[in-house]
Structures are given as structure tokens and as C-alpha cells.
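S.K.: Below are the chains, spelled out letter by letter.
Number of protein chains: 4
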Amino acid sequence: MTIEASKSDAVSAKIRLGMVGGGQGAFIGAVHRMAARLDDHYDLVAGALSSTPDKSKVSGAALGLDPDRCYGSFAEMAEKEAARPDGIEAVSIVTPNHVHFAAAKAFLERGIHVICDKPLTSNLDDAHRLKEVADNSKSLFILTHNYTGYPMVRHARELVQTGALGDLRLVQMEYPQDWLAEPVEQTGAKQAVWRTDPAQSGVGGSTGDIGTHAYNLGSFISGLELEELAADVHTFVEGRRLDDNAHVMMRFKGGVKGLLWCSQVAIGNENGLKVRIYGTKAGIEWTQADPNYLWFTKLGEPKQLITRGGAGAGSAASRVTRIPGGHPEGYLEAFATIYSEAAAAIQAARSGVTVDPAVVYPTVDDGVKGVAFVTACIESSRKNGAWVKL
Amino acid sequence: MTIEASKSDAVSAKIRLGMVGGGQGAFIGAVHRMAARLDDHYDLVAGALSSTPDKSKVSGAALGLDPDRCYGSFAEMAEKEAARPDGIEAVSIVTPNHVHFAAAKAFLERGIHVICDKPLTSNLDDAHRLKEVADNSKSLFILTHNYTGYPMVRHARELVQTGALGDLRLVQMEYPQDWLAEPVEQTGAKQAVWRTDPAQSGVGGSTGDIGTHAYNLGSFISGLELEELAADVHTFVEGRRLDDNAHVMMRFKGGVKGLLWCSQVAIGNENGLKVRIYGTKAGIEWTQADPNYLWFTKLGEPKQLITRGGAGAGSAASRVTRIPGGHPEGYLEAFATIYSEAAAAIQAARSGVTVDPAVVYPTVDDGVKGVAFVTACIESSRKNGAWVKL
Amino acid sequence: MTIEASKSDAVSAKIRLGMVGGGQGAFIGAVHRMAARLDDHYDLVAGALSSTPDKSKVSGAALGLDPDRCYGSFAEMAEKEAARPDGIEAVSIVTPNHVHFAAAKAFLERGIHVICDKPLTSNLDDAHRLKEVADNSKSLFILTHNYTGYPMVRHARELVQTGALGDLRLVQMEYPQDWLAEPVEQTGAKQAVWRTDPAQSGVGGSTGDIGTHAYNLGSFISGLELEELAADVHTFVEGRRLDDNAHVMMRFKGGVKGLLWCSQVAIGNENGLKVRIYGTKAGIEWTQADPNYLWFTKLGEPKQLITRGGAGAGSAASRVTRIPGGHPEGYLEAFATIYSEAAAAIQAARSGVTVDPAVVYPTVDDGVKGVAFVTACIESSRKNGAWVKL
Amino acid sequence: MTIEASKSDAVSAKIRLGMVGGGQGAFIGAVHRMAARLDDHYDLVAGALSSTPDKSKVSGAALGLDPDRCYGSFAEMAEKEAARPDGIEAVSIVTPNHVHFAAAKAFLERGIHVICDKPLTSNLDDAHRLKEVADNSKSLFILTHNYTGYPMVRHARELVQTGALGDLRLVQMEYPQDWLAEPVEQTGAKQAVWRTDPAQSGVGGSTGDIGTHAYNLGSFISGLELEELAADVHTFVEGRRLDDNAHVMMRFKGGVKGLLWCSQVAIGNENGLKVRIYGTKAGIEWTQADPNYLWFTKLGEPKQLITRGGAGAGSAASRVTRIPGGHPEGYLEAFATIYSEAAAAIQAARSGVTVDPAVVYPTVDDGVKGVAFVTACIESSRKNGAWVKL
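Protein chains in written order, with our numbering: chain L, 10 to 399; chain G, 10 to 399; chain X, 10 to 399; chain U, 10 to 399.
Since the hints were made in silico from the structure, they are not lab data. Hints should not be assumed to be uniformly reliable.
Below, computed lysine-lysine pairings styled on DSSO-like, alpha-carbon distance capped at 30 angstroms [claimed, not checked]:
1) Lys283/U / Lys307/X
2) Lys64/G / Lys307/X
3) Lys307/G / Lys283/U
4) Lys290/U / Lys290/G
5) Lys64/L / Lys23/L
6) Lys89/L / Lys114/L
Working from the sequences, and respecting the hints, build out all of it.
M.R.: Right under this line is the structure:
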């Protein structure tokens, strides 16, 4: 064990960042801002923090933004910032899902890098169109599937890549929560209202909000492509307009099988994201609530508990580890790692150099896969669990 | 906490017990014998311990059985013991699955109670025929789904029955193992050989051997009836003749959904049986490897860790608790509880009295359901995951 | 992993066993009987189950004992059983501590092996006198420090003996409970009454009842001799006549340091016995409430979780393992292992052969050490924590 | 559960911050900077990052500091910054211990607030002198006993303060590590070199580096004053000049007993800080490596696992909680909370208003107690474990 800090602070000039969404009362906007600050690669200088212009101003003032750069809409912000010599280089989009496409398009088309919350869009058409925009833009598109930033997730992925698990057989994912066990959206709770509203969230409820995270994480670690799925998607809470539970059987390319469960009504679970992957030689298990640990068992050997910063953690984990083992890093650190990976890519782009191949972040392609996953779950369930190709 | 022992030793005259199977090299026979001994309700006095007569004699001698009562076949044993004035009152059947039906029939038809290992039979026809035999017999039939004997499982069931969970929504079951991650049956390992042999095990591999346990336990705790299932059953190990992994989506009566995963190739899992049940008011979680704990969470309250022998354990758990909290009871104790429940029923039958309604054990009906579950899994999987009614 | 049962059932003729104490209302007597039954090496045939003759008869009848062999006192039992051709070969002494000496003496002097509960005696004089009696007897003396029977404790000891830990540095022991957090002895609760009564328990309360267990276990695993200790022993509950908490600093031979905490008032702890041992090369950690696991960490390597019956468990653990990994064994199994070790020694003595050197059980010497430990704790505490030599 | 973010971003003008120590190769300096950034209350604008002027410049440049404000010594920095109209308002002192006193004095005497790493000083004289300086200064002194910033630690303290534990009886603290199990300071590892050097660390090794943390945390939660202690302090690694293990028995005012173990040689422990506190009504247990959980058990009730952001967490925890339950916060967040508490106090001082009484941070008094604790441990140990008054 070393107790030297392994992450250096920023050296390059900071990236000028704007934000769409994330005004007062929002949840994920504040998270993005903390994540952007932690490793000191960004300066937040502009915002269209709310779809209500007045609220946008007030929220911006609370963040110390220049009032001139608190915009009433993302469209205005994109246009005006693109015109400024000191305009933003990147924008974080942290709105409800249905806004992602149009907002991302506006910035990408003006040469501004986009860091966008998940799921990519509220429907598959938008997802495909956004991919086209992103593919045709010189700007980068980073999707904040933040769980991919956890060091032990990186280590799990490295174990798969280096063959430590042998040939993969099983990818088991679950993400149970309980915060929607009752119809809290009917009380007006902001987070619940939009997340259960098809117009804002899209076709998927639990599938879109957390199922995509579980699926993305299973894919990220395993490196596998999903071939088809069969789903039993359900809404338990009366009056709710989107699903709040899904059971999904999966078949990945190469004969690998998977199982995914996501739920917003499983009482006793806060954010119970868990991924277990089994191959011919070894198995791994990782739980988001205890993210500094990775269980790793080789066939015929005792279970190993590999810790972030500990002896068994490899270079992929160490790259994104800030502090020594036994001093836990958490959700914000993982989120910050996505921002730091994005910063590395943006700074490389700024300098016209190739980014370090070790830099990894979820892309628009991962986003399209996520929306395709949600769409397939809903379709399969409508067909009473028939297999649907991805 | 009390530290008085809560289980009394036997008072009634012990039950004269025979055993079919369980000779040298067997696993589950020795377990049944320890279970029968622990609470002192039985005397093992006869055996057809092996299908090879010589081996049966040797095995019986090793157990201190009277050589005259070491039989070469269950048929001989049934006939001769039934004719003795001091003949066995009950028999434990601990053979591979394909023998269960004929053996159980032989004893039931002669008025001898049967304690039989699971799954009930190797195919559904036999299961139905055995049910008919059992229903027509005055003798009792007890199926050793031993996990139902764990005190915290009893407490979980009591929580459901008393409405502490509200209306049920989800029953999530899993039973991963790793002992068949490689083709060990090809090395001649006795347990692996018969458990992967369709002629001895029946149509199900992992589904029959451990899937039935998970399904039984989910049903036992929840009290629910399975309506239909959709399964993706697979054999990962080349050359293996039965399934070694299954993913199953379930629909129970009353709109409750379920998910079941069983696997014999999930490296890092020994006997990872786990049941999680969620209702409108609360959720519970129980893991077989740590059986003295039950997680219980009411909506909007902190998680509670209820311990066997501890403050939160109710009367159903206390009835089958031997020693104080913090001194763990294990697998053999749970198995012994099935034997003690059986003893209570047999002794009541012997005395012509009604058994205490608190006495609970799995019956031939549970056995039929288990075999029907396996059969439905295989059928669904052959139909590419179509829903199959139970 | 194998799923063959590794313990064979008894072959030799069973040992005729008597019991002193353990009548109705007792706790540990029932535990001893279950332990004696599990592996089938004993027949309980006689008892002086209570100091009240009538109660002894009633208790014996409840156990199915021959009324002629239900005695009103241990003295009568020792005399009469010694005179019978089919008299007991061994006796279990499960009374309060103050009776151990006289009872053990009565049987040892008549050539009857003694299996005695801990602590050895209620004072150090009796302990030394009992050691003299035992040393001069041809009969065996087994002390039921039952935690030494846990397979993972055996494995821990083997790791120390084979040098896997390097040179030892630290032995940290703790045994917190909470059942005496209030003055329950004042309510007449039988277990609390005698355990807090100096006349029955001796000079130590928590130190004698559970501190001796922790100390014995630390010594058993480490193989170390205690040189001196400094203790702060305290009674928190008003009116209690014996200690209910102790903090003890220890120095073992060879420069090894230790720390021991025992408590009966630490709310939230049932039987929180835990031992951690650290050497120059590795460290281990074992917790009684989760006894099937042993943490083992080599310097500079990931933590290993070794499981009973699992890949990392060595021969010392396997010798005393009954069932496969993942099917937990518990307190009664560990207790039964002490009985089986005793049986092996008694049967060897019966046959005049040398017992297998792998057979291990706590002896009268361990008992003397335990009482000396309690005595030293009390003495040190009276001297305000001065170091007291053992 | 809510998933609204509960911490607002900064509103007031940011605090101009300087740093002493924390240049390249340092550990804790980078941690302080991340902590200062997370909640956006500070701007780092000046530094004396190394005692080597050139290194200080290079380190400052790497952080993007104005070269004019990268000083060669803290003395120069204090003088020049105090003279600037835009000079620093606060300084973080993150050097080895022996520098704390002089550096803190220099800034406090110039009206600059001090945020100082622990232990307060390398000896008790300096500690008392620093207290005098701080008491006579109008500037604030904040000691970064960062573990006091964890939300579940705040909740534990609130439980004690509100009487949920009843009258306290026991405070058990431990902080085992293993990074100094071998003489790594002899390899030149920077962190090990200074921490084992009496000239830089002071009289205590493990006692000063981690024992003070454990003691501070036990005191912070319990609110108790230590009266006397008896210690067995030891150096296991040959050639090491400071202690690497300590066993400490404690007596707090009001008859409360405590036990403290700190170690740098306990293999398998990374930063195993743990505090357990027991009263007449309930007990609590908190472990730094899993900081989002607090075990809370009321006498006669099931154990509760209270989670950060979960149902059982009270207002003291919620005040310092950034994100919803199940999304773990870690070490940096707790550290950042100290910085945010300090910011609240500094901003109140700036505005001449009284700080919110809910704001809590360790002070110079806590620092004096910590150094007194180390000094008493060493003294007691030199007197062979005699009780030493604090």
C-alpha cells in the first residue's frame, strides 16, 4: 500500500463549461457540478439552468455565474456562447431525457463538446438522430454513465480483458431501488414527477432510469454485445404511467447469457446496483453501494476481496484512484472520473493530439444501445416476453 | 435475549427408522442420519443402503446395524420390515431421484411413513403417481426441502402471513453454485455423475437439483402459487447431458412477479441460495450461507437485521430454535428440524391424535410442484422461452 | 469443492455416558447432549441431572433414562456407576462452576473419563487440585472450550503452526455480549442468577464466563503462553456482584502483545467472540457468529476469504468438517467436534492404542490457565491495573 | 428517501486560500485541495508548497498558481499575503507535524484563519503555545480531524446527545493499518520517512498519526472527557524510531471506560478505524471503511442499519449529506465537510455575524487534547502502563 495521492491536480488551462438544466430543485445538476470541480479541470461559466428564464437567472446567480451568461434557453446559450471568443468549450446537459436530443444537437453543431446525462434520449429515433449528429461533428460526445468511473469497475473490466475470467458465460445485473414503492409522483415530488412522465422520460420508467445503468455497466465490464432479450416489464403502483419493475433475460453474442432486474419498488434497496460476471476460469462480483471492493474468485481458489488502492488492483483501477486504500471513494469520485476522462479527451482535442488510449468514457454509441435496450424491453413485454433482437 | 435452550429433548418413544440409499460414498445419506440424530427422535435400525447388496451390508455394519436388517434392496426391506413386530415405522429415501417413486410406493403401501429427499421424482408422471399413492395411504410423506427448516425462513414466512409485508409484489430467488463449472462428471466423481445423468436425475440438471430448492423456498415463504413461467435453460459445459444454468421469469397468482436463477457454473458461489420478497409495506432478504440473519425493511424505516434467537424473531422461529442468538445454527440443524417436524407428525399419528398445527413440513404436493416446475422450465426453454402454465 | 460428506459415522461401540447437571431449565446440558449425539459416539445412560433428587428423576425420565440410573447426587452416581459392569465410561459435567472440582474428582478417581464444561473451577486452588487429580488419574479430562472445535479455528491454528503468519506480533481477542445489560439476575432468570453469583461462578463474572473463552481461543490458535497482564475490570450494573466488563492488556512470551475485551453489557452484541492475529507475514480474523469464514491476508496481497469446506481450507479443518462449503455448520457442530475428539481419545484409551496425533481437545492444563487468567485479571484490577504475572 | 441533492452550492464570495506544504510527492495536500474544491467555497491563490523554494515554484505552477504567490517559506508567504489587499483570508497547513506550530502562529498573528492538519503539533509544549496564540487571535483555527465530517459520525453524535444511548458505559476505538508492517521507511518512501521520524512527527508514531484520530473520534461522538489512561506502546519493526502499535485502557469522566488500539503493522487492515459506543439503552458501531452505515441497536430490539441519506438519519447527518442514500459518499466528502464547516465559520466572521450553531469542526482545544493523549500514552508506557492523568 502506498499513501501517496496518485491523481495529480490539473495542469492544462481549465475547460470553459456551460450547463443546461440543473437549476434549483434539481438533483443531478449539482452532482455534475461537484464532479466537474473535484479534479479541477473545468470552470463553469455559463448556464441555461432552467426552462423558466427567471429561474435560470436566479439559479445562475446562486452559482456565481455572470448574469450575462445565464440564458433563458439552451438555444440562446448555444448561439451566444458560440459567438463569444471566450465562449464555452463544453456543455453539460442535465435536463430530463426529452430535452437531450435538441440540446445536444444545438451545441454539437456549433463545435461545442457535449457531456450529457443518460439515458441518451427519450426515444430511439432521437437516439439515432443524435448519433448521426455526433458522428458528423468534430466535437466530442460523452455520456455520463457514471458507474463506469468506479476504480473497481475499471479493474473488473481489466480482469475480463486480460482473460482472467476465461471465456465468459454469464452476466447478471440488478438495480433495485425503493423510492417509488408508493405513488410519490402524485405528491408532486419533482424527481418523481418527471421520471414517471412518458413525455419527459420516454417509453421506459425503471428500465430507462436505472435499467440502462445496469445494462451499460454489464456491457462495459464484459465488453459484450447484446443480441436479444426477453422481458417482463411491469408497473406495480397504480396510476403510474411508466414501468417500475422489469425482469429481463438476455443473450449476448458468443453464447453468453444474462439476467437483468431493475425495480423502483423493492423495499430495502436504495441504489442496489450489482453486477456479477462468470467465466470458465473465474467469477467477479461488484456492488455499487460498497464500491471500493471487488470480489474475485478463481475456480478452485479462495475468494479474494480486491480493494481500491489495495494490492490486487491493477493499472486500470490505479489510473482513476485518488486516495489510498481503506479511505473510501464514492459516487461523486466516480462521477468526477467521467469528467476527468472527458477533460483529457477535450484537452487532447484542443491541442490536436491523440488522447491517451487509457482514457475511457461512455459515448453516443453506448447511449444508442441504452435506448435500444429500453425500447426492446418494452417491445418484448408487449409481445408477452418474446425475444427481441437488438 | 435468553440463553435457556428452547428445544426440549425427546420424550416419546423413538421412531424406528430405516434408510434406502446413503451407503458409503454417498453425501446426503450421512446428512439425513445426523439430522435424524440431533433431536433424538429416531433410532436407525434397518437399511437398504446400496443397490449393491454387498455394499449395503458393509455400509450397514459401519453404522452398527443388525446384519439381518441390512437389505439388498428396498423391496426386500419393505417386505421384511413390514412383517416384523418391531419393524421400522418410517423410512428415509436418500437415493438418486429415479429411485424415489418405486421406493416410496413400496413403503407407503405397507403403512410405513416416508421421509424422502428432493426432487420428488425424476419425471412428472412418477410425481403424479406418487402423489396418488401418498394420498391413498394412511402413512405420511415428508419431502426434505430442508431449507424450510431454518428458523429465519420460518420467521420470514410468518412476516408474510401476518401481513407485515403488505400485498406481495416480487419474489426473487437464486441458487448459484460452482462445483460443476468444469466437467467433473467425466472424472467419475460420484455426486457429479448421477446428478448429470438424465436416467438418474430426470429431465432437469441444475433446475432439478437446486432450482427446485429455490422455487420451493420462495413458495414456502411467500405462500404463493406459481401460474406460469418463461425459462432460458442452458448447458454451458460441453458434453454435459443436463442443464447447468437456468434463467426463469415467473408469474404467481395475484399478479406477483418472480425471477429465479440457478447455476452450477457460477464461480465463487458455494451454495448461494437467496430469497428476496417485496410487498407494498416491507421487504425481506435471506441468504442460506448466513442463515441466522434476516433483513427486514419497512418502507420509510431503517433496515433491521433480525437474528435467530434475537429480539425480533417471532414464535414461528422460536419454535425451531435450539440455542441462543449469536451461537449460529446451520444446515444440519435446519435439516434436523424437518426430521423433528416429521417426528411430531409421526408420533401424533402413532397416538391417533391431531398434530400441533404449528408443525410444518414439505409434502408430496410440494414435491409435485417441484417436478412440475422443472418440467415447465425445460418445456419453456425448448419453446424458446414461451410462457408455460403450471 | 466436493460435496461428499467427509465425516464417517461411528464404527466403534458407543461410549456409555453419564451427565452431572443439565436438568430441566438448564442451558448448556442440552447443548452437551446434542453435541454428544450428532456424531453418534455416545449413549447417554445415566445422570445426576439436578442437585434436587426429585428433579433429577423427572429430568432423567424426560430423557428416557433408566430410573435406576437417575441419581440424586454425583457422588452416588460415581459410586454406583463405577460398580456396574455396564457402568458409564465417561461423564459430562455441566453444572455451575463451583461443582466442577468435586464432581470431576469423584469420577476421575473411579476411572471414569470426564468431559467438563468451562471454566475449570470457581477458584484457582480448586483448579490446581483438579489438575493434580487429573494428572494422577489414568482417565482422560476434556474441557469443553467448544469454540476450538470450529473448522476455521482449526485452520487458523494450522496457518500459525505452518508459519504462514511469520513471527507473531499481536493477538487481539474480544467477546462482547449484551444479555446482562440490565440486572436480569434480579428477576430470577436462572442463567443470570448463577452466573452472577460468586459462590457458584467464582471470582470472575464476564471474565470467567466469556473472557476465558476468548483467552483460550487466542491461545489455542496462536499457541502462545501468556506471561503477564494488566486489567481494568468493572461492574457496570448496580448491585451486580461480579464483573460484567473487562479490558485486558497482555504480554505473551516471545514479545507478542495482546488485547482482550469481554463484556456482558455491550448492547447489540449477542456472542461477539472474535480473534485477530497478526504476524510478520500475514494476518487472520475470525468471528464466531460467522464461523464458516476465515479472513487471511498475506502482506502485499489481496484479502482472502477462506471458507469451511472451500478451496483454501487445509487438512486440520477438513478433518472436522462434516458437510460441503456453503452449507453452514454452527455452534453445535463445533461442540460436537469436541465430543468426537474426546470419543477418539476415549476409544483409543479403551483399546490401549495411541490416539491419532491429529486429535485435539482442551485439557485440564488449559483449564488451569483459564482460571489463572481470571484470577490475574481480578488481582490486576484490584491493584489498579498493575501487571500481574501468570 | 429523497433524491434531491441537499447541499446547495456556494453563494457567498469564495474564500481566498493559501497552502503551506502539499507540494509534489505529498499525500495530504492533494486531499486538502480536493476537499476545498468540492463544495466550491475556496479559491486557492497562494502557496508555500515546499520547504525547497524551487520545488515550491514548480508545484505551484502545476496548480496554476500565480508565480508571484508561490513562496519559498511560510514566513514569507504570511508576511507578503498579509500585506496584499487581495491577500489570502485562510491558509491550509499540510506539512509534517513539527512545522504546524510556527506556521500556524505566523498566520494567526497576521489575522489569517488557519486550517491545520493533525496532530496539532509534534509536542505538548508547542500545543499549549499554539493554543495560547489561537486563543489570543481573532482568527479561527480549524483542525482537520476529517473523520468528524462523515454524516454517520454526525448521526452517532446526535444519538448520544439526544440520549438515545442512555448513560454511556463504554467507548471502544481502534485504528489498525498495515502499511508499516515492514521497515518501508528504510526504502526512502516519503510518507513513511517523515511519519517515523521523531524530529518531524514528534513523540508518537502510530499514536500520533492514527491513535489521535481514533481518540478524537471517540471523544467527538461521545462528548466525553478523558480522565486517565494506561498504555502499552510498542515498536515491532526493528530499527523504527517511533511506536507502531499501542494498546490503551481509558477512563473517561463519569465512570465511562474505554479501550483504544492503533497499529501500523496489523496485516489485512488498510484504514480500519472503528468506533463502538455502548450506553444503558443502546449501542452503536461505525467503521470508516464503510462510512455510509451506522449500526444502532436498542436494548431488546433488532439491530438497525442506518444509512446516510436513509430513513433513520437525523438532521445532523442530513446537514452534511450531499447525495441520496445508496450512492456512497467517502473520505473526500467527509474532508470537504470540514472545509465547508470552516467556510461557514469564516464567512460568518467575514460578515461579523454569529455562525449557525449547527456548524461543527475540531478546534485547537481538540488538538491540544490529541497531543496530550499521545504524550500520556508514551509516558504511561515508559512507566510500564501506569495510569496517567490527562
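S.K.: Honestly, which of those hints from before does the structure not fit?
M.R.: Structure breaks hint 2 only.
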